[in-house]
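Protein chains: 4
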Amino acid sequence: MEEYKQGVRAFFKNDKFAELVGAEIVEVTDKCVVVRAKIGNEHLNGNGFVQGGMLYSVADFAFAVLANYLHPASVTQCGHINYIRPAKTGEITAIARETERAGHTCISEVIVKDDKGETVCICNFNGFVKDVDKLQWIKGV
Amino acid sequence: MEEYKQGVRAFFKNDKFAELVGAEIVEVTDKCVVVRAKIGNEHLNGNGFVQGGMLYSVADFAFAVLANYLHPASVTQCGHINYIRPAKTGEITAIARETERAGHTCISEVIVKDDKGETVCICNFNGFVKDVDKLQWIKGV
Amino acid sequence: MEEYKQGVRAFFKNDKFAELVGAEIVEVTDKCVVVRAKIGNEHLNGNGFVQGGMLYSVADFAFAVLANYLHPASVTQCGHINYIRPAKTGEITAIARETERAGHTCISEVIVKDDKGETVCICNFNGFVKDVDKLQWIKGV
Amino acid sequence: MEEYKQGVRAFFKNDKFAELVGAEIVEVTDKCVVVRAKIGNEHLNGNGFVQGGMLYSVADFAFAVLANYLHPASVTQCGHINYIRPAKTGEITAIARETERAGHTCISEVIVKDDKGETVCICNFNGFVKDVDKLQWIKGV
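If you're matching them up, the sequences are chains A, B, C and D in order.
Its first residue numbered 229, the first sequence is counted upward by one per residue in my numbering.
Its first residue numbered 229, the second sequence is counted upward by one per residue in my numbering.
Its first residue numbered 229, the third sequence is counted upward by one per residue in my numbering.
Its first residue numbered 229, the fourth sequence is counted upward by one per residue in my numbering.
The hints are simulated quantities; they were obtained by calculation from the structure and are not laboratory data.
Take the hints with a grain of salt, since some may be wrong.
Note: identical chains are not told apart, hence a pair may lie in one copy or across any two.
Unchecked claim - Capping the alpha-carbon separation at 16 Å, the derived lysine to aspartate or glutamate pairs in EDC-like fashion look like this:
#, residue 1, residue 2
1, Lys266, Glu252
2, Lys266, Asp342
3, Lys316, Glu270
4, Lys241, Glu270
5, Lys341, Glu328
6, Lys259, Glu230
Source: prediction; values computed, not measured.
Okay, chain A solo, but in the shape it has when bound:
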């Protein structure tokens, strides 16, 4: 499994958009994926808060890593985000946990927190799991 975990990390190192927005994988386990981003001026909206697209992007990336670690070749079907509090500075952390897996469907909740531990937004993702072998997938990428 450790080899597979390394493969997933390597695959997501090729995610150029995650790199652009500064989203970094901090932790990958069977229970959760943690993604973090240091907030700079480039992440802010006109009001000086972390922009909504940035918050979503970090959450979505955490889900993508988790879903593909647990079930290779998952694709996101829907994402849903509830904005709770504004975030301004420091860093934001997205923690993705799978709520359910059944058949071709996997559902995760992703909570994004600021560096005081306050919840900034709460997301839910619905992924479609393809019929692909894990090792085959990791060799192909």
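Got chain A sorted already, so can you dock chains B, C and D onto it with the hints?
Relative to the frame of chain A, chains B, C and D by itself:
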């Protein structure tokens, strides 16, 4: 109204994250807002497709511009995205249209298309409209 | 096609829950499905408004009819509802229109209105379209 | 608090639609609300499964009870449902837990299970909390 439209555009020029991801306001009218982004390598995921966070970010930005043009000082409460087809190259265009406004709530649908005119994703946003005067808002920003 | 439309209506006549809540199919065309319900005391919540589950149920039923009329053997993957205004008496009407179909995915918007034509809620549904022949499906049900 | 809990239960006894669909409050605590419904023929769709509107209605009711128990005079702004597995017979149970409360916003996750304990659907609700005193609210209803 033309003065206000200029004010809204000026305000969103200060959106640093929109700048980072390359989202540009193309059109602002009472009927719709159009936002466009040229796709480069930095917008792609590990599979070589436009990353899900990028797609959402462009849609969310179009909604933010529209909601604040129509109703000053709107904030996004929830966003929902359905991914339909992958997009790879060229440019993506988000068209935001308001579905409904009632009391403090405004709802928009945003459709993101690739440069062949094919729908890439369909989003829905729910905004909270604050009690703020339009001209007061634009002077304050 | 007329034969198939009759088949779909017959199939949905067997929807016992739609019968329980009083949801009736008014119109089935390629462009939209209209479902209506007369509001009685049994549809109200503790505040005397049409209950949120009732509003969703009528919308969901309109989507189910439309999706299965256009693409046999569709199943709902996700539903999303934005509540706009309360409804109290008279009747409510749900109009379902398909926004997009691509591959196994179909997306519809359903708007529920009260009898003054005011929008009560706005829903979006994501359906999975199975690989089934239309006539085969209708004979099997 | 016990007096208030009784008040909430009394208020929701007046929910006529919950009565129509057979949704019964089983448990009300600070941590969760449990709602149950015995499944009869009247809850089934044309395929013989529990209808999607029925599943949503039970989940939405559990959220409404929880939100109003924790924060009087909450109204649902959005509901989101992911369908996971079909349910056929026996009973269904919705367990609502609050994920977050901040300012006027409260977010809950509601999981609906069949009588084997399998997850049937996963819902998320976003409520708006009004500025109302708890005891004032309960006396008014």
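Please sort Lys259 with Glu230 into within, between, both or neither, judging by C-alpha distance up to 16 Å.
Within one copy only: 15 Å inside, 37 Å across.
For the identical chains here, do Lys341 and Glu328 meet the 16 Å Cα criterion within one copy, between copies, both, or neither?
Classified as between; 12 Å across copies, 22 Å inside a copy.
Reference check for the pair Lys266 and Asp342, CA-CA at most 16 Å: within, between, both, or neither?
within (10 Å within a copy, 31 Å between copies)
Is it within a copy, between copies, both, or neither that the alpha carbon of Lys266 lies no farther than 16 Å from that of Glu252?
The answer is within: 9 Å in one copy meets 16 Å, while 24 Å across copies does not.
Same-copy or cross-copy closeness of Lys241 to Glu270 [CA-CA at most 16 Å]:
Close across copies (12 Å), not inside one copy (21 Å); limit 16 Å.
Identical-chain pair category, Lys316 with Glu270, by Cα at 16 Å
For Lys316 and Glu270, only the intra-copy Cα distance (12 Å) is at most 16 Å; the inter-copy one is 24 Å.
The structure fails none of the hints (numbered hints given earlier).
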